[in-house]
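*Asks:* The residues making up each chain are set out below.
2 protein chains.
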Amino acid sequence: MKIISGGVCAAQGFTANGIHCGIRKNRVKRDLALIYSSVPASAAAVYTLNLVKGAPITVTKAHLLGGIAQAAICNSGNANTCNYNGIEIAEETCSILSAELGIPADNIIVASTGVIGELMDIAPFRSGIPSLVAGLSADGSDSAAEGIMTTDTVKKEIAIEFTLGGKTCRMGGIAKGSGMIHPNMATMLVFITTDAAISPAMLQKALSGDVKSTFNMLSVDGDTSTNDMVSVMANGLAGNEIITDEGEDFTAFMAALNTVTVNLCRMIAADGEGATKMLECIVSGAYDIDTARTVAKSVVCSSLVKAAMFGADANWGRILCAIGYSGADVDVSKVDVSFRSAGGMVTLCKNGSGVPFSEEEAKAVLLEKEIEVLVSIGDGDISAKAWGCDLTYDYVKINGDYRT
Amino acid sequence: MKIISGGVCAAQGFTANGIHCGIRKNRVKRDLALIYSSVPASAAAVYTLNLVKGAPITVTKAHLLGGIAQAAICNSGNANTCNYNGIEIAEETCSILSAELGIPADNIIVASTGVIGELMDIAPFRSGIPSLVAGLSADGSDSAAEGIMTTDTVKKEIAIEFTLGGKTCRMGGIAKGSGMIHPNMATMLVFITTDAAISPAMLQKALSGDVKSTFNMLSVDGDTSTNDMVSVMANGLAGNEIITDEGEDFTAFMAALNTVTVNLCRMIAADGEGATKMLECIVSGAYDIDTARTVAKSVVCSSLVKAAMFGADANWGRILCAIGYSGADVDVSKVDVSFRSAGGMVTLCKNGSGVPFSEEEAKAVLLEKEIEVLVSIGDGDISAKAWGCDLTYDYVKINGDYRT
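The listed protein sequences correspond, in order, to chains A and B.
According to my numbering, the residues represented by the first sequence are 814 to 1217, in order.
According to my numbering, the residues represented by the second sequence are 814 to 1217, in order.
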């Protein structure tokens, strides 16, 4: 398996584009993105569990009942959520795109991201979609990745090459996500493409299994968005024997998918709103996976841990505190905690009590951009990871005045 | 019922004091507080449910098994938590105080608040307790309230006068709490005194019932502390007929207790770390109390709602989002949302969708110091309140470098 360039256009048959069509009125930034497969693809998606759901979530769910998609369209600047006519707008978007691409409307994945509760105007879609389609290109992943950004400061793109049954396959993804990041059984807006051949059912199985250890273990601010969605389109152009059940090829496909999703998770965490640091909490020694995940996520979600990381303050008691209220059944007298980064490693707590450490060494570890919080529970041999970021002045600044 | 002065010394027989004994080395601030009743009192307490518990919690729980206490001692500057010898230190503190006051050590409530995981030295207690006791006075509530403060910017004190069976009773409380505030079935450090006569069992019943709608509905940052505790001492000197079961007097006592605890909750929320505004979410129209409480607490806990309040930004979609992920079973198409304050009232959402509103009017409402978020669910007639505060630059500043 190797990392390659090309993002969502790395896999055969996929083109993409991103344009400014005018959904964002206050600045000229690409606000509409399209990904297109030259042939119909197996498709799978997972969605937010927030009871308040964006209208595009409802429309996409209905479209993917057949497990087939050929295009994904996504706007930024307006979440099309809590609007009385949201479903109508999302359906009309698909209908306009369907006519332009010459594909059935229900083979289209539709998504929106931005402010909740502002009416969405169909006019920019109507005027923009023809040039969006005309500009589709194999070099278009970058502009599509830009088109879905909101408060993101960098575009998030990844592609890999891997082998299934002797055939070279490719998989790529783009993601947006910076605030309102605390996916629950689903995730942020992520679009993944691959030319591997896999049945819709197995594709859904692979995706649903993967998100438990990837996007569901990611938090920027504890707020589960109303518009979270990850979708995958697999168009089969790599020519591998189609995956229709578990086995060696499915395992290889899962490994490829996990490489793409973990990379995107890390990119989203590192670009959390206002973040200066990416946090990875690695919990080991748990007796089951739920315990390991619950503890890891509680640590990366703690406002106090996040603020301490911003200040490079080795206030490890806050980590013990977050483990203690996580809800996991942990014997705190067996817990060890260390920090690790490019700046070194320092152990702060053994068996639930503090041990002497050098404040200077701890500072050197915590001043790095990527910090690992290592928590050992001492009850078994199961591990889990969670990703987050620090809590900074800029998070408050960005979110104190998001709409204006 | 009326509000009076005197704090924890308002009730007959109670004296208090607070001194600087040297637990805080870096600044001269009172760091040790004592509350004393001239006669043994019925006592009750509720404690944090964090699995990581401060050593004083363990010691106090054991002491209150008999339902009697005569003194409460509390230091700030060190939480005495995650220390190998924490229990020993807490017990020695009680033993020194027991000798000085001439009361049994197990009639003492002991509490600590401050940094987790730093070894606690018994020396400042040993040298400080004699002058702490010598200075006990009926005017001492202020200095005791100061003695328990950590990042608090104001001391939190309240006292009321009420009547039980024709006898005038008094009740007062002090509280500390600013960060790591997200009590779970228990609360922050709160000490309440009353001269009402009530059995230990009924006192515990009153307190355990009250916290469900008061301290458990309070959040500053989502982090449940390891040292949370509310205790009440009722010494009976008011001379009312002792309350030993439910009835009119118990109801009157519960109302008095609720007045004290709601006032302290509001003070803690308003003085949340870095806070510029107090938020009160009032959920009405729920079909049961759990739903109303879950929704109210989810709204005041949302980092995005809190940051929007800091910016006086009427970004009501974030409130819908927080309701949607709260876990409560709510029909979002029936939800209405309004903001209300001394600056007026503005409705932003009816039946789950946005309604036109004046940004100028909304700004006027949100620029006030106390903001009510009114959420109507439309499913019944049960209400609940939760308290919180805004998320500000100063929260990050305070917690980026708490220890130094």
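Derived from the structure by calculation, the hints contain no laboratory data.
In this text the structure is predicted, and so the values were computed from the model without any measurement.
It is possible that part of the hints are untrue.
Each pair may be met inside one copy or between any two copies, as identical chains are not told apart.
With a Cα cut of at most 25 Å, we get these calculated PhoX-like pairs of lysine-lysine [unchecked claim]: (1) Lys1182 - Lys1210; (2) Lys1025 - Lys1210; (3) Lys1147 - Lys874; (4) Lys1176 - Lys838; (5) Lys815 - Lys842; (6) Lys1210 - Lys815; (7) Lys1182 - Lys980; (8) Lys1018 - Lys980; (9) Lys1210 - Lys1147.
*Asks:* Are the hints correct? Go through all of them and say.
*Replies:* Here is how each hint holds up against the structure:
| no. | hint | in the structure |
| --- | --- | --- |
| 1 | Lys1182 - Lys1210 | both (21 Å within a copy, 19 Å between copies) |
| 2 | Lys1025 - Lys1210 | neither (31 Å within a copy, 34 Å between copies) |
| 3 | Lys1147 - Lys874 | between (45 Å within a copy, 23 Å between copies) |
| 4 | Lys1176 - Lys838 | between (44 Å within a copy, 22 Å between copies) |
| 5 | Lys815 - Lys842 | neither (32 Å within a copy, 59 Å between copies) |
| 6 | Lys1210 - Lys815 | neither (39 Å within a copy, 42 Å between copies) |
| 7 | Lys1182 - Lys980 | neither (38 Å within a copy, 65 Å between copies) |
| 8 | Lys1018 - Lys980 | within (22 Å within a copy, 70 Å between copies) |
| 9 | Lys1210 - Lys1147 | neither (40 Å within a copy, 32 Å between copies) |
In the structure shown, a violation is registered for the earlier hints numbered 2, 5, 6, 7, 9, in ascending order.
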